[in-house]
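Now for the letters of each chain:
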Amino acid sequence: MASRTVSIDVETLARVEGEGALHLRVKGGKVSDVRLRIYEPPRFFEAFLRGRAWTEAPDITARICGICPVAYQMSAVHAMEAVAGVIVKGQLRELRRLLYCGEWIESHTLHVFMLHAPDFLGYDDVIRMAADHPELVQRALAVKKTGNDIVNVVGGREIHPINVRVGGFYRVPTRGELEPLLERLKRARDEAVDFVKFVATLPMQELEFDYEFVALRHPSEYPFNEGNIASNKGIDVTPADYEKVFREQHVAHSNALHSVVRDRGNYHTGPLARYALNFDRLSPIAQQAAIEAGLGPVCRNPFQSILVRTIELLYACDEAVRIIEQYERPDRPFVEAQPKVGVGAACTEAPRGTLYHRYRIDELGKILEAKIVPPTAQNLPTIEDDVRRFVESHLDLGQNEMTWRCEQTIRNYDPCISCATHFLKLDIERED
Amino acid sequence: MRGAKRPLVAVWKFASCDGCQLSLLDCEDELLAVAGAIRIAYFPEATRAVVEGPYDLSLVEGSVTTYHDAQRIQKIRNESKVLITIGACATAGGIQALRNFADVREYTSAVYARPEYIETLARSSAIADHVKVDFELRGCPINKYQLLEVISAFLHGRKPQIPSYSVCVECKRRGTVCVLVSRGEACLGPVTQAGCAGLCPAYSRGCFGCYGPSESVNAPSLSRHLGEVGLGIDARMRLFRSFNAAAEPFRRESEALEQGR
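Sequence order for the protein chains is G and Z.
Under this note's numbering, read the first sequence as residues 1 to 432, first letter to last.
Under this note's numbering, read the second sequence as residues 433 to 693, first letter to last.
Chain G on its own, in the form it takes in the complex (with noise of 0.2 Å):
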């Protein structure tokens, strides 16, 4: 067995948003070479951004990913608010974290029930999974309705929303116009509640990494659009000091940069990570849920992610209860900002993990530099590590199953590789 030479060759990745492939060689018991190969094209935002008008990053930048719009408009507006010294607080900040409330619920919903569950319990896809068990499925849509609902009243739609701009939104919803939502979320967040119990009974892999793990953490809230920059390895730094411990590589086998931590090397960010480092900003029903499902206040099984994610998924309906029912309506949608010559950076956490963006304008507001960092360029090596280890300590199974298997550990980061393409950047080459 030992000697035994494997090929594995998956030549387009499904469910994940995007297009990538898998390039896996086995030799004599290890694994001799892995590429996560990104053959998603090029669409150079970075290079087109440059003499637009700051105003309309958040817009433009929502185009690089139709999963996650709302996590660009947020790194894009918090990086142009830092520019002008801007800070936007009270409801307009709340409804800055209910229009993210609403695009957690929407993309975990769908990556847990309709891209991942379906790997631990065989099914090729949802709808296949869905004649087995309709109710469950039909559950998961109704939550994920939910969540997408809550992008189309504070944002406009659910894709691209229309309605963010730099000191906040265009218009604000009246009480009356969030109140609908809360009776609804209540139902998800009942729902979310089972349907942690019902992802801890997946049949589970039994693997742990000692990951670096890196997110945002807040004084006193689950990170979304604030914070600072942390790991359990000691990584503590404001998102204006991100370019300091993270560089980017281009590999040649991939249209997406890889992202490592400076004398390092690879990360994990994503649910997995937010969860390790701010277990204990958790509301009490997720955390409660997370105990009661098994899981201690830090999980390093990568295929755990989604059960880790499902906690995500109540959090979000449980903290979009609160706001919506302490919401008054603010007296104006946006707080005036002008631009400055100068720099901003900023970081918020898209379901998939931290989005870093930073942008150098002029007087009149003109981008003349834009840097964005997606969080699967970030996961990349990670995940090219994880299928490594993940095959070598399961080199009894057949090809059809290992194929899988190595699908279902990518799958685990919930990849993006629309987001991953566009990217970056130049002082690569000088640091090496």
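Don't take every hint at face value.
If you only want the chain G side, here are some residues facing chain Z, beta carbon under 10 Å, derived [unchecked claim]:
#1 D9
#2 R43
#3 A53
#4 A62
#5 L121
#6 D124
#7 V126
#8 K144
#9 G234
#10 V251
Residues of chain Z placed beyond 12 Å of chain G at every Cβ, according to the derived structure [as the list claims (entries may be wrong)]:
#11 P439
#12 A467
#13 S584
#14 G589
#15 I594
#16 S596
#17 Y597
#18 V601
#19 S614
#20 G692
FYI, nobody ran anything at the bench for these hints, they're computed from the structure.
Only a predicted model underlies this, so the values are computations on that prediction, with no experimental measurement involved.
Heads up, the beta-carbon is just placed ideally off N, CA and C, and yes, glycines get one too.
Starting from the known structure of chain G, arrange chain Z on it as the hints suggest.
Just chain Z now, kept in the frame of chain G:
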């Protein structure tokens, strides 16, 4: 409908954000009914199962930006009885068509440390520039109810009922006060095809052209008017040059503004 008679449907992706094909998965109330009426033969975003062509219907998202994709769309056309493009990337080249107005080599070296690893075409082009397209569904993103209408029309062998009038009609129908006339907001509504239900003006901002040029538009006339209410040449050029930058009337107007600058 029963197994063998259900039409085989494939969903293809070219350069795009995935949002338009996600619209299909966002049809939460209709998804299982749609899945029951068709047979999904190829839809990697949703399934790992693959059925070989030929296909009764191909939905194509995204624009052509690589040599490989220019070849791939020919093969897809040959395998498809009906081919429908979905979204601004597929129908007009998308936001990535901004490269058409610039030097793509400079773009590549601005974004990538090793430009030699990157294979790309100088232009981002619509699917219809390469093959015959049976119907184009506009939008950035598409409207999921229009997508359901297109699929339903296909299943019943009729023409989709998709209006080609402008966003202005939708604002009137919605009862939105005109943001251009009453407040002088920069608004592309008069020259943009309907489909969003007049969304942006209802949220107190001008239309920025997600659905591309409507039928028989006069872009220069709107552009002049926007100039008269105080919008500078550069701002007007950017307004016409976004998600549908390469759509003919918008392209002509943004280039005219660029040359007049």
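Right, here's what the structure says about each hint:
Below 10 Å, beta-carbon pairs count as interface contacts, and D9 of chain G has none with chain Z, the closest being about 14 Å; its hint is therefore violated. Interface hint at R43 of chain G: satisfied, since its Cβ lies 4 Å from the closest Cβ of chain Z, which is below the 10 Å cut-off. Of the supplied interface hints, the one on A53 of chain G holds, with its beta-carbon coming within about 7 Å of a beta-carbon of chain Z, less than 10 Å. A cut of 10 Å between beta carbons decides the hint on A62 of chain G: the least distance to chain Z is about 8 Å, and the hint holds.
A least Cβ separation of about 13 Å between L121 of chain G and chain Z goes past the 10 Å threshold, and the interface hint is therefore violated. Interface restraint check for D124 of chain G: the shortest CB-CB distance to chain Z comes to about 4 Å, inside 10 Å, so the restraint holds. At a threshold of 10 Å, the smallest CB-CB gap from V126 of chain G to chain Z is about 7 Å, leaving the interface hint in force. Given the 10 Å rule on beta carbons, the hint for K144 of chain G holds: about 6 Å separates it from the nearest Cβ of chain Z.
The interface hint given for G234 of chain G is broken, as the beta carbon of that residue sits about 28 Å from the closest beta carbon of chain Z, more than 10 Å. The closest approach between the C-beta of V251 of chain G and any C-beta of chain Z is roughly 8 Å, which is under the 10 Å cut-off, so the hint is satisfied. The non-interface label for P439 of chain Z is consistent with chain G: the shortest C-beta to C-beta separation is roughly 15 Å, beyond 12 Å. The non-interface label for A467 of chain Z is inconsistent with chain G: the shortest C-beta to C-beta separation is roughly 5 Å, within 12 Å.
Separation of S584 of chain Z from chain G is adequate, the least Cβ-Cβ distance of about 18 Å exceeding the 12 Å criterion. Every CB of chain G is more than 12 Å from the CB of G589 of chain Z (nearest about 24 Å), matching its label as outside the interface. Against chain G, the non-interface label of I594 of chain Z holds: every CB pair exceeds 12 Å, the least being about 17 Å. No beta-carbon of chain G comes within 12 Å of the beta-carbon of S596 of chain Z; the shortest separation is about 21 Å.
The claim that Y597 of chain Z lies off the interface holds: its Cβ sits roughly 20 Å from the closest Cβ of chain G, which is beyond the 12 Å cut-off. The claim that V601 of chain Z lies off the interface holds: its Cβ sits roughly 19 Å from the closest Cβ of chain G, which is beyond the 12 Å cut-off. The beta carbon of S614 of chain Z is kept farther than 12 Å from every beta carbon of chain G, the shortest such distance being approximately 15 Å. With a minimum CB-CB distance of about 17 Å to chain G, G692 of chain Z clears the 12 Å threshold, and the non-interface call stands.
In summary, the numbered hints that this structure violates are 1, 5, 9 and 12.
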